[in-house]
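> Chain residues, written in single-letter form:
Protein chains: 2
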Amino acid sequence: MSLANTLSSVPLFTGLQPDQLERIARIAVDRPVDRGQMLFFERGEAEGFYIVAEGKVKIFRSAPDGREAVLHIYGVGESFGEVPMFMGGRFPASAAAVEKGKVIFLPRAELARLIREDATLAMNMLASLSGKLREFAGKIEALTLQEIPQRLSAYLLDLSEREGDADAVELDMAKGLLASFLGATRETLSRALSRMAEQNFIEVKGRTIRLLDRAGLEDLASGEVRL
Amino acid sequence: MSLANTLSSVPLFTGLQPDQLERIARIAVDRPVDRGQMLFFERGEAEGFYIVAEGKVKIFRSAPDGREAVLHIYGVGESFGEVPMFMGGRFPASAAAVEKGKVIFLPRAELARLIREDATLAMNMLASLSGKLREFAGKIEALTLQEIPQRLSAYLLDLSEREGDADAVELDMAKGLLASFLGATRETLSRALSRMAEQNFIEVKGRTIRLLDRAGLEDLASGEVRL
Numbered sequence: 001m002s003l004a005n006t007l008s009s010v011p012l013f014t015g016l017q018p019d020q021l022e023r024i025a026r027i028a029v030d031r032p033v034d035r036g037q038m039l040f041f042e043r044g045e046a047e048g049f050y051i052v053a054e055g056k057v058k059i060f061r062s063a064p065d066g067r068e069a070v071l072h073i074y075g076v077g078e079s080f081g082e083v084p085m086f087m088g089g090r091f092p093a094s095a096a097a098v099e100k101g102k103v104i105f106l107p108r109a110e111l112a113r114l115i116r117e118d119a120t121l122a123m124n125m126l127a128s129l130s131g132k133l134r135e136f137a138g139k140i141e142a143l144t145l146q147e148i149p150q151r152l153s154a155y156l157l158d159l160s161e162r163e164g165d166a167d168a169v170e171l172d173m174a175k176g177l178l179a180s181f182l183g184a185t186r187e188t189l190s191r192a193l194s195r196m197a198e199q200n201f202i203e204v205k206g207r208t209i210r211l212l213d214r215a216g217l218e219d220l221a222s223g224e225v226r227l
Numbered sequence: 001m002s003l004a005n006t007l008s009s010v011p012l013f014t015g016l017q018p019d020q021l022e023r024i025a026r027i028a029v030d031r032p033v034d035r036g037q038m039l040f041f042e043r044g045e046a047e048g049f050y051i052v053a054e055g056k057v058k059i060f061r062s063a064p065d066g067r068e069a070v071l072h073i074y075g076v077g078e079s080f081g082e083v084p085m086f087m088g089g090r091f092p093a094s095a096a097a098v099e100k101g102k103v104i105f106l107p108r109a110e111l112a113r114l115i116r117e118d119a120t121l122a123m124n125m126l127a128s129l130s131g132k133l134r135e136f137a138g139k140i141e142a143l144t145l146q147e148i149p150q151r152l153s154a155y156l157l158d159l160s161e162r163e164g165d166a167d168a169v170e171l172d173m174a175k176g177l178l179a180s181f182l183g184a185t186r187e188t189l190s191r192a193l194s195r196m197a198e199q200n201f202i203e204v205k206g207r208t209i210r211l212l213d214r215a216g217l218e219d220l221a222s223g224e225v226r227l
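The listed protein sequences correspond, in order, to chains Y and C. Residue 1 is where the first sequence starts when you use UniProt numbering, and the numbers rise one by one after that. Residue 1 is where the second sequence starts when you use UniProt numbering, and the numbers rise one by one after that.
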């Protein structure tokens, strides 16, 4: 991968203009690393952050007895150390190359200079990170919700059936209890209810839930349809 | 919630120093909103972004036939519009208050001025977002992995049993196939294998998997223990 390609694979730099990327590339330092070579030590000052260009890097803490706890392994195109670097703090753990490879070092002082010279650079980096954060939040929501509407639909259909196929059912337990019953947090349960209401499967009024689309709920309950 | 509290609840501002938060508070504009009041229209220039201080705001697109597709609903302490604002672009959708409430508007031009005056402000915002991104990435990994080690352990124990409780088994299908069999992506399967190897449940050598901790694998398979 070329330097520019490696840089633009990092969320922080994804949204940069070509000339901005070039300025970043100019302050970037290529550093070949041998297997086992240390990049930084726990509690060292974070004078910059790293991107893996070749090979793998492990982040670890050493116990007093010398044993290592590996916290994370980063591969090509992944960055590490940027949080303490931006904060102007210290590294919370150590880093070493797992195998022969190459890392790119971005020095804090130079990054700060580029940001002082061009506020748009900071704005574009903030845009990239905000965008990635939105994307991740959406993924988390989707993953968290995944099976809750299914269980919830089954539960609502069951309640309705027990009351002679009633079109509206009363939630017969508090939302907190129902949430744990369904294996969800209260927040996830509320989100599932809102989503199902937005998509016209149900109508929610306090504890009363009107089943608007029984066939749709059956599809949800069977897992055939997902929200 | 006080203005400073509302501001610091937004990931972008979480890591700011008190004096930096105060400078942000000074450029923030309180805006009471009525039920249904429009905040911005799709394709309007993103001259700032918003934080919900009271009530709820919906983000939506209008179809040519006038129907609304609600994309998202934001509640107290949540921000929206920062990506196009930072990019200097246009809003991809419209926003309106769902109920009577209050929003806080952060104007782009003023934010850019603060960043020009103090590079540390940008660095601290970048630190906050990077930190949140790491947190979210961890959550996604945990959610994605959740059930895969369980299924994988069951599969490995089954393979071993079929070969007379062998201590080492050969994966009898390609990793891509195995992944779909277990309902995972190739990437998730690889991560699950590495995690299980890191924690000494197994040892992986190509397609050969050595079962190092049969009791541990049984706990994983039964769901009693999680990675």
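One should not assume that every hint holds.
As the list makes no split between identical chains, a pair holds if one copy fits it or if it spans any two.
[Claimed, not checked] Cross-link-like lysine-lysine pairs, in silico, BS3-like; alpha carbons within 30 angstroms at most:
#, residue 1, residue 2
1, Lys205, Lys58
2, Lys56, Lys139
3, Lys205, Lys175
4, Lys175, Lys100
5, Lys205, Lys100
6, Lys58, Lys139
7, Lys58, Lys100
8, Lys139, Lys175
9, Lys175, Lys56
10, Lys56, Lys205
11, Lys100, Lys56
Hints are computed from structural coordinates only; laboratory data are not their basis.
> Are the hints correct? Go through all of them and say.
Each hint, compared with the structure:
no.: 1; hint: Lys205 to Lys58; result: between (52 angstroms within a copy, 19 angstroms between copies)
no.: 2; hint: Lys56 to Lys139; result: both (26 angstroms within a copy, 22 angstroms between copies)
no.: 3; hint: Lys205 to Lys175; result: within (13 angstroms within a copy, 48 angstroms between copies)
no.: 4; hint: Lys175 to Lys100; result: between (54 angstroms within a copy, 26 angstroms between copies)
no.: 5; hint: Lys205 to Lys100; result: between (62 angstroms within a copy, 19 angstroms between copies)
no.: 6; hint: Lys58 to Lys139; result: both (26 angstroms within a copy, 19 angstroms between copies)
no.: 7; hint: Lys58 to Lys100; result: within (12 angstroms within a copy, 51 angstroms between copies)
no.: 8; hint: Lys139 to Lys175; result: both (24 angstroms within a copy, 24 angstroms between copies)
no.: 9; hint: Lys175 to Lys56; result: between (46 angstroms within a copy, 21 angstroms between copies)
no.: 10; hint: Lys56 to Lys205; result: between (53 angstroms within a copy, 17 angstroms between copies)
no.: 11; hint: Lys100 to Lys56; result: within (8 angstroms within a copy, 52 angstroms between copies)
The structure shown violates none of the earlier numbered hints.
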